[in-house]
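S.K.: Protein chains in written order, with our numbering: chain A, 1 to 165; chain B, 1 to 210.
For the record, the hints were derived by calculation from the structure and aren't laboratory data. Glycine included, each C-beta is placed from N, C-alpha and C at the ideal position. Just to be clear, a hint being listed does not mean it is correct.
[Stated by the list, open to error] Simulated pairs of lysine-lysine, PhoX-like, Cα-Cα distance not exceeding 20 angstroms:
#, chain 1, residue 1, chain 2, residue 2
1, A, LYS59, B, LYS199
2, B, LYS93, B, LYS36
3, B, LYS202, B, LYS71
4, A, LYS79, A, LYS65
5, B, LYS93, B, LYS31
6, B, LYS195, A, LYS59
[Unchecked claim] Listed next, the stretches of chain A that the computed footprint assigns to chain B, with coverage defined by at least 3 CB atoms under 8 angstroms from CB atoms of chain B:
#, segment
7, 20-33
8, 47-61
9, 89-103
10, 140-146
[As the list claims (entries may be wrong)] In silico negatives: residues of chain A with every beta carbon more than 12 angstroms from chain B:
#, residue
11, ASN43
12, PRO74
13, ILE75
14, ASP78
15, LEU81
16, GLY83
17, GLU126
18, GLN160
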Amino acid sequence: MKNETKIVKVGIADLNIVRSPDMIRTSGLGSCVGIVIYDASKNIAGLAHILLPESRLTKQSHFNKHKYADTAIPILIDKLLAGGARKFALKAKLAGGAQMFQIASPLETMRIGSRNIEAVKAQLNESRIPIIASDVGGNAGRTIEFNPATGQLKVRKVNQDIIYI
Amino acid sequence: MEYLHLSNLQLDVLREVGNVGAGNAATSMSKLINRKMDMQVPSVKIVNFDEMMELIGGPEEVIAAMLFQIKGEFPSTVYFILPMEEAEALVQKMTGVENFTLLNDPGSDDICISALQEMGNIVTGSYLSALSDFTNIHMQPSVPYLSIDMAGAILTVGLLEISQVSDYAIIIDTSISSDSLEKIQGHFFLMPEPKSLVKLFKALGIDHEE
Numbered sequence: 001m002k003n004e005t006k007i008v009k010v011g012i013a014d015l016n017i018v019r020s021p022d023m024i025r026t027s028g029l030g031s032c033v034g035i036v037i038y039d040a041s042k043n044i045a046g047l048a049h050i051l052l053p054e055s056r057l058t059k060q061s062h063f064n065k066h067k068y069a070d071t072a073i074p075i076l077i078d079k080l081l082a083g084g085a086r087k088f089a090l091k092a093k094l095a096g097g098a099q100m101f102q103i104a105s106p107l108e109t110m111r112i113g114s115r116n117i118e119a120v121k122a123q124l125n126e127s128r129i130p131i132i133a134s135d136v137g138g139n140a141g142r143t144i145e146f147n148p149a150t151g152q153l154k155v156r157k158v159n160q161d162i163i164y165i
Numbered sequence: 001m002e003y004l005h006l007s008n009l010q011l012d013v014l015r016e017v018g019n020v021g022a023g024n025a026a027t028s029m030s031k032l033i034n035r036k037m038d039m040q041v042p043s044v045k046i047v048n049f050d051e052m053m054e055l056i057g058g059p060e061e062v063i064a065a066m067l068f069q070i071k072g073e074f075p076s077t078v079y080f081i082l083p084m085e086e087a088e089a090l091v092q093k094m095t096g097v098e099n100f101t102l103l104n105d106p107g108s109d110d111i112c113i114s115a116l117q118e119m120g121n122i123v124t125g126s127y128l129s130a131l132s133d134f135t136n137i138h139m140q141p142s143v144p145y146l147s148i149d150m151a152g153a154i155l156t157v158g159l160l161e162i163s164q165v166s167d168y169a170i171i172i173d174t175s176i177s178s179d180s181l182e183k184i185q186g187h188f189f190l191m192p193e194p195k196s197l198v199k200l201f202k203a204l205g206i207d208h209e210e
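Excised from the complex, chain A in its bound form:
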């Protein structure tokens, strides 16, 4: 049973890490962004499913740090380093940040997808992690699955061909 592949699922506003042969996935990303950070030669990868861009938006006194791009990414990096990944070898792949409804609204929350993407990019830049590939924006939901053994991110959209980035 040693070689059996397990798929670890990450929920909304959550994160986790895996080692090959296991894979990691998250389903139904809309305006949310799925961030995969991995160390290819150590066969270890982490995935965060963030809902909102910045933790300063919170009105809660205790909030879930996995919900925001700026707080989730540092936690994910720490977990990977604790799991044996090397900081200099970390790379990132992104998917999500769609606009699900074509709402013409002055409300800031309505373009949350692009704000999420910007916040994720800014945070990765601050942590000096290069973005190798991304499939972001548009107006379709995505399910993503990362295989740390190959470094490939599988992206599935409704009624479209599966792509690997």
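Chain A is fixed; fit chain B onto it per the hints.
M.R.: Below, chain B without anything else, positioned relative to chain A:
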């Protein structure tokens, strides 16, 4: 206000709100498609974000959903959700276009898509006007926005405001269905923002309990 601390009386009131709204919506749906519509007993669920997707069959379930944003005194989000086959069956019934499918070449079926939107508009309009009469709170719904995609992607839109104040959402879920000939089942999800609940309980004379 914390969702988790609602009293039984407050939960009952929310169920009644769902009841009144969906009763009216079932009537107007029934007129529209000329079928008897039944309504299930509403449920009020306080769920975390992952549990919310499970109510509809999981985050990857493909659904046809119309979103209405309610502004004004009662900020909230309303979804009218139909499973794919049922949305297609309804459109075929209304337009007479027999081979209509939602996912294939949606651009060529503008009339069918607008029929679906208009149906959502009428049915949700009845839901909201009943709600407004019952609570005496003025509701200003947006125009309907239609999306056909994964439940997870669609439903998080309604969570954006809520998620800044809470890790839970309160969902007043009512479904209307028809068992005659072909099964049709639609869900209404009413997701009030936390401050709207306070307003609602005040309007109905049930003061919010500390």
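S.K.: Now tell me if each hint is right for this structure.
M.R.: Verification of the supplied hints:
1. For the suggested pair A/LYS59 and B/LYS199, the alpha carbons sit about 19 angstroms apart, so the restraint of at most 20 angstroms is met.
2. Taking the CA atoms of B/LYS93 and B/LYS36, the gap is about 15 angstroms. The hint holds against a cut of 20 angstroms.
3. Note on B/LYS202 and B/LYS71: the hinted pairing holds, with a Cα-Cα distance of about 18 angstroms set against a maximum of 20 angstroms.
4. This hinted pair checks out: A/LYS79 and A/LYS65 have alpha carbons roughly 14 angstroms apart, not beyond 20 angstroms.
5. Annotation: proposed proximity of B/LYS93 to B/LYS31 holds, straight-line Cα distance about 13 angstroms (limit 20 angstroms).
6. About 13 angstroms separates the Cα atoms of B/LYS195 and A/LYS59, which keeps this hinted pair within 20 angstroms; it holds.
7. Beta-carbon proximity to chain B at under 8 angstroms applies to 6 residues in the segment 20-33 of chain A; the threshold of 3 is reached and the given coverage holds.
8. Under the rule that three or more residues need a Cβ within less than 8 angstroms of chain B, the assignment of the segment 47-61 of chain A holds, with 6 such residues.
9. For a cut-off of 8 angstroms, the count of residues in the segment 89-103 of chain A with a CB near a CB of chain B stands at 5, and the three-residue condition holds.
10. Coverage of the segment 140-146 of chain A by chain B holds. Counting CB-CB distances below 8 angstroms, 4 residues qualify, and the rule asks for three or more.
11. Chain B leaves A/ASN43 outside its interface by the beta-carbon criterion, the shortest separation being 27 angstroms against a cut-off of 12 angstroms.
12. Listed as outside the interface, A/PRO74 is consistent with that label: its C-beta sits roughly 20 angstroms from the nearest C-beta of chain B, beyond the 12 angstroms cut-off.
13. No Cβ of chain B comes within 12 angstroms of the Cβ of A/ILE75; the nearest lies about 16 angstroms off, and the non-interface call holds.
14. The Cβ of A/ASP78 lies farther than 12 angstroms from every Cβ of chain B, with a closest approach of about 22 angstroms, so its non-interface assignment holds.
15. With a least CB separation of 27 angstroms from chain B, A/LEU81 remains clear of the 12 angstroms interface cut-off, as annotated.
16. Against chain B, the non-interface label of A/GLY83 holds: every CB pair exceeds 12 angstroms, the least being about 24 angstroms.
17. Here A/GLU126 stays apart from chain B, with its beta-carbon at least about 23 angstroms from theirs, past the 12 angstroms limit.
18. Its beta-carbon lying about 10 angstroms from the closest one in chain B, A/GLN160 breaks the requirement of being farther than 12 angstroms from that chain.
The structure is inconsistent with hint 18 alone, although it conforms to all the rest.
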